[in-house]
Amino acid sequence: MSKQINIALIGNPNTGKTSVFNALTGLNQKVGNYPGITVEKKEGICKLPRGVKAHIIDLPGTYSLNASSLDENVVIELLLNKNDKDFPDVAVVVSDVENLKRNLLLFTQIKDLEIPTILVINMADRMKYKGISLDIEHLEQELKTKIAVISTRKNEGIESLKQLISNYKELSTTPCLNASEIDKEYFDKLRKAFPNQLLYKLWLVITQDVNFGKMDRNEVEAIASFKTKSKSDLKRLQQKETIKRYQFINNTLKKGQTIDASQAKDLRTKFDRILTHKVWGYVIFFFILLTIFQAIYDWSTVPMDFIDGLFANLSDWVKNALPEGAFTNLLAEGIISGLGGIVIFIPQIAFLFLFISILEESGYMSRVVFLMDRIMRRFGLSGKSIVPLISGTACAIPAIMATRNIESWKERLITILVTPFTTCSARLPVYLIIIALVIPEGRFLGLSYQALTLMLLYLLGFGAAVVSAYILNKVLKIKSKTFFVVEMPNYKLPLFKNVAITVLEKTKSFVFGAGKIILAISIILWFLASYGPGEQFNNAENIVTTEYASQNLNEEELGQKIASHKLEHSFIGIAGHAIEPVIRPLGYDWKIGIAIVSSFAAREVFVGTLATIYSVGNDDEDTIKNRMAGEVNPILGGPLFNFASGISLLLFYAFAMQCMSTLAVVKKETNTWKWPTLQLIIMTAIAYISALIAYQFLK
Amino acid sequence: MNHTLDTLKRGERAIIIDVSSHLIPLKLLEMGCLPGNSVELVQVAPFADPLYLNINGSHLAIRKETAIHIIIEKEV
Chain U
1 MSKQINIALI GNPNTGKTSV FNALTGLNQK VGNYPGITVE KKEGICKLPR
51 GVKAHIIDLP GTYSLNASSL DENVVIELLL NKNDKDFPDV AVVVSDVENL
101 KRNLLLFTQI KDLEIPTILV INMADRMKYK GISLDIEHLE QELKTKIAVI
151 STRKNEGIES LKQLISNYKE LSTTPCLNAS EIDKEYFDKL RKAFPNQLLY
201 KLWLVITQDV NFGKMDRNEV EAIASFKTKS KSDLKRLQQK ETIKRYQFIN
251 NTLKKGQTID ASQAKDLRTK FDRILTHKVW GYVIFFFILL TIFQAIYDWS
301 TVPMDFIDGL FANLSDWVKN ALPEGAFTNL LAEGIISGLG GIVIFIPQIA
351 FLFLFISILE ESGYMSRVVF LMDRIMRRFG LSGKSIVPLI SGTACAIPAI
401 MATRNIESWK ERLITILVTP FTTCSARLPV YLIIIALVIP EGRFLGLSYQ
451 ALTLMLLYLL GFGAAVVSAY ILNKVLKIKS KTFFVVEMPN YKLPLFKNVA
501 ITVLEKTKSF VFGAGKIILA ISIILWFLAS YGPGEQFNNA ENIVTTEYAS
551 QNLNEEELGQ KIASHKLEHS FIGIAGHAIE PVIRPLGYDW KIGIAIVSSF
601 AAREVFVGTL ATIYSVGNDD EDTIKNRMAG EVNPILGGPL FNFASGISLL
651 LFYAFAMQCM STLAVVKKET NTWKWPTLQL IIMTAIAYIS ALIAYQFLK
Chain Z
1 MNHTLDTLKR GERAIIIDVS SHLIPLKLLE MGCLPGNSVE LVQVAPFADP
51 LYLNINGSHL AIRKETAIHI IIEKEV
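Quick note, the sequences are listed as chains U and Z, same order.
Going by this note's numbering, the residue at position 599 of the first sequence is 599; the numbering climbs one at a time, nothing skipped.
Going by this note's numbering, the residue at position 51 of the second sequence is 51; the numbering climbs one at a time, nothing skipped.
Next up, chain Z with everything else stripped away, as it sits in the complex (with noise of 0.2 Å):
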């Protein structure tokens, strides 16, 4: 089952499955946001927004409004 990536919870991991490239800045493509690599929801700020993330080794912090638009498979 596939979800976004804002549905994410605290400390839960998952796989990119697919990003919306047209949306999405080509910078966090380059930090790694691209499909195949891992991701984990590191912590959340204040007022559920930004989401700090892991992904595929690098810490970065993006809005929810952006995170909509990166489709995940979560691990079980």
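Next up, chain U with everything else stripped away, as it sits in the complex (with noise of 0.2 Å):
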């Protein structure tokens, strides 16, 4: 068998990169991360020609190898690692043919690391409309390397990289720039102190603040003794480096590339006059958050819908044809029910990936950060929280990681601090099953009440997230320095297949995650409600028919007065009614209480565990919401689920901090549990109040 070979995907930001890595690997991809930090690491299989197969990494878009972020770091640490077992045996270097000059520097850098390297010109579809000419012979002499011009759009040219990749052994690896022209008697000094060792390397590991892995200890600390100088000398050498390079590729593209500026169509500038502009700019931006949650609310009902009605009938079905017993109960009424809680939400969640993947994928995205900079600066946040914040809706955790280029950590914080009151997807179950019980049917304006309640609550969590800032901003005594540094990318339009390869696996990565955590709990739960301690439980049939001897009770109706009094007397009954004092005042009843509880695991288990709990004692309801929608509140009577108790669980679900795995991402991200126990207390504390006060007012 042949060997395996290592390619590693490298580039900007924008350039098309996972465009390529879709296009070698198809849907052979996954995605995981890499080990002990929160980096998302995309790996793939491509084959190429006469049988060899390659494994991609396609590593985190990045300007330079001067890492400013931890995403950054990962590039240069897998790149300076020989032992590492994913070290590229070629690099793949993807550049787009609008910003040559600029994506070149990066080529540069890899290149000088003596690693085989391929350029990649990517987007070749648009040098007509740009007038860009490129002489390849020339700048493949020059750069001393192989090129590929490609177009993932009109997926052209992927075969022709393909066989670069395969015929990796022919490049040559002389570096494009002599790192001692940098300085020359500093580099003098290092080579002498190491003579084995590559001089661009060594200066990437003097000036970089990365972890080396399996690099030689002692030969770190070494390089490191060479700091002798301070840190503004480095950076000034830096600078010159950076000059350096761009002088090495001013020239290289002088020959190579020719730019008839009259040929160029500019759709940017007439976009971009709309788009950014005072007035329209935020009046396109707010319809397209309309549009976003009429889509969530309204266009998803049909196949949620067939969903619910689907796990109705499966349950049914498994009663039905398998034997009576604990097993068929628990298949039938723990894990189908719970399970069919989840599932329900795929065509939301869908939605919600598809719109926010579109926004990042066409460059509107850039446009506004661009357009809320300013405003978001007053409430101590920057332009790029409107990332974290837009995409918190989908879920917190992806959004607190994308938090990493914000340059300044004061506002960094902030954002990761207030993100988690965005109203994520795992909100979204509990908010529509609320929502469709307690508030009527009914349009106004085109927007169904429904529709325009959760854009409401959408609002609110921005609001939440927004005041909270101003608040923070004021009470962070915290220094730093600001720096905003935003690429305008061209407008696209957004590519089907990273589109839909977007949406499947994070609505994949949703469901099964969520699902994991979910279905351990719903089988819990209903050991916990199937069974109990003492003589009311096991006893309950005698009791409970001694009781009502007199009522002349139906058996159906008896049946029903027996299951109940068992949930009641089951470990879970016991529990519930023990916190039922902390909750009644905010209008919840005991089962309420279990799934709150339940949920502070993911929120999303709310529902699951009602569906659990209710289809224990209740085997006539077919759906979820009709279940919920017959529970009779025990003391004031009519339904549990009227307007004042459901607005209150809005207001409890839009505020509490009710998801440990953002609380793990958060200690991750800020290296302390300081953070995350200050938002888990003050979240919850903010939710119990807001919940009280609504339901004391409206019941």
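Just so you know, these hints were derived from the structure itself, not from any lab.
Pairwise CB distance ranges, derived in the manner of DEER restraints:
#	chain 1	residue 1	chain 2	residue 2	range
1	Z	Gly36	U	Asn83	40 to 48 Å
2	Z	Lys74	U	Ile243	16 to 24 Å
3	U	Ile288	Z	Thr7	32 to 40 Å
4	U	Ser661	Z	Lys74	47 to 55 Å
5	Z	Gly36	U	Lys189	25 to 33 Å
6	Z	Gly36	U	Glu43	35 to 43 Å
7	U	Ile288	Z	Arg10	20 to 28 Å
8	U	Glu137	Z	Thr7	39 to 47 Å
9	Z	Thr7	U	Leu459	35 to 43 Å
10	Z	Gly36	U	Ser180	21 to 29 Å
Residues from chain Z shown here face chain U by an in silico Cβ test under 8 Å; the list is partial:
#	residue
11	Ser21
12	Pro25
13	Leu26
14	Leu28
15	His59
16	Leu60
17	Ala61
18	Ile62
Chain Z side only, calculated, beta carbon under 10 Å to chain U, not exhaustive:
#	residue
19	Ile24
20	Glu30
21	Ala48
22	Leu53
Ideal placement from N, C-alpha and C gives every residue a C-beta, glycine not left out.
Now that you have both chains on their own, put them together as the hints suggest.
Spelled out as structure tokens, the structure:
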């Protein structure tokens, strides 16, 4: 068997690197994490000519090897560590034909590490519109590499790229820049001290603050002793290095690239004029958000009703098809009901990820960053906080990771702390079912009341985030330099394949991630609800029969009385009653209490929990929603889920910090338990108080 | 006559003369904000900040507080 070759895909953000990855691997890819850190690791397998297999890593996008974030560290850590099992046999640098000059900076740096490097010039379909022509032969000669001109949009050039990769052994490893040109005296000293090491590599070890893994420790320490120069001196040298590299690139492109500006058709300016307009920019942004909510609410009801019915039927079918007994009950009432509670939200979650990935892919998100920076700064946030706050509507975990490109630590910390207020997709199941129960149907200006309520809840979450950011900005005494650099990429029609893969991947990981927790909790809850201690539970039939002996109940009514008596005296009933005094002022009964407690693991557990509890006590109703609508308030009578308790629940879920994974990520990103602990306490307090006020006013 | 970058008007072009490198993030330099390169102000955000620039063919946005550390010579 031939050896599998390792390929690293490297490139600036917005060069279509992920499209190249998708084109090479298709669906043969998996997303994981780098060990110990929360940076996403994308790997895939690609078949090359002559039966060779290649293992491809899609490294995080970076502008240079001078890393300024955790994601960028990953790139340099891999490229400096020859012992890493993923160390590339060949590096594929993806560039965008419109930004070739800037993209080549990273290319020259990687070339200088003497790794065989192929240059991919992507988006070749845009050359005509931009009046760009390239002399590939000249560029290959100057850059001492092979070049693949491709268009992932038109699916052109992928085969020739594969061909180049399989011939990687023929690539030259001559560097582009002689490192000692940066500062001859200093680099000569370095060379004398470490004659066997690559100069540029030494230089990176000195200037970059990263973990060098398996590199010999003594060696690293010895190199570190060369940090004799002050930080500002080093930075001056880095600037000099950058200038040298651009000189080389400019000389190369002078002959290799011609741009006929008169040929250029400039859509960017036209779009920018409208989308970043001081009035229309905000109006358009608002309408985009409105469309998203309408889609999530209205368009997804059809598939959701279908799934709800499907699971109800499945549960019935299992009960009829399998012999009666504890296992059948566990399957039908515990597992299927619990899983139904999560599967039903796939349509909405998919819609949400669909819109977010379109906004990112099209280049519109950067315009929103630009538009919002000044306003966000007033609240101690950065324009870049918009991305976490919007993607927080999908899930707070990737959103908190997305704060890494915020340059100022204070702005970043505040963004991390307030992001969990935004309405994540795990809240969606809770909101949807409560809204369906307590908000009347009907339309206002073509938008349903229920959709408007949902929009209000999103605005509430966003408002809570912004207000707490304002307070944190006043309270936190952190001094940090503020930098703000954001690339404004060209507008692009999103590639269907990229969007589809993103939606598929994210939805899958949401469903499986949440599914595991929900399955486990459903089973535990079912046991706790189906068994109980003492006479009241074990002897429920006799007790209830005697109690109602005079009332002449028919068999069905008696059966229900027995079931609910059992539930009340089961383990879960006892636990629920114990916490009831705390939640009664909010309008909840002990069953909702159980659901709230179990959703501190993850919010979406709420619906599954109620589904499990209610199906244990009630066999008649089919769907979760109907079961909940049938619940009666044990003290006041009337439906348990009425307007007052519904609003109270919505507010509780809007504010409470009920997600262990988010707390874990905040701990990882801030490196202390202080911030997640504060988040948990303060958010839950706000949730309790606002739910209390709402219920007491509305009841 | 030399100015700082924040004085550029929309649509105006200039050449970068000098950058106070200790006050400017390395990332900005790497994106092409270096002496000798051209710069054009493409768009100004509402409330006059940040600035949307075309530096040496790269389109990017920076805040005014960074722009004041970049010295330019306006094209006539």
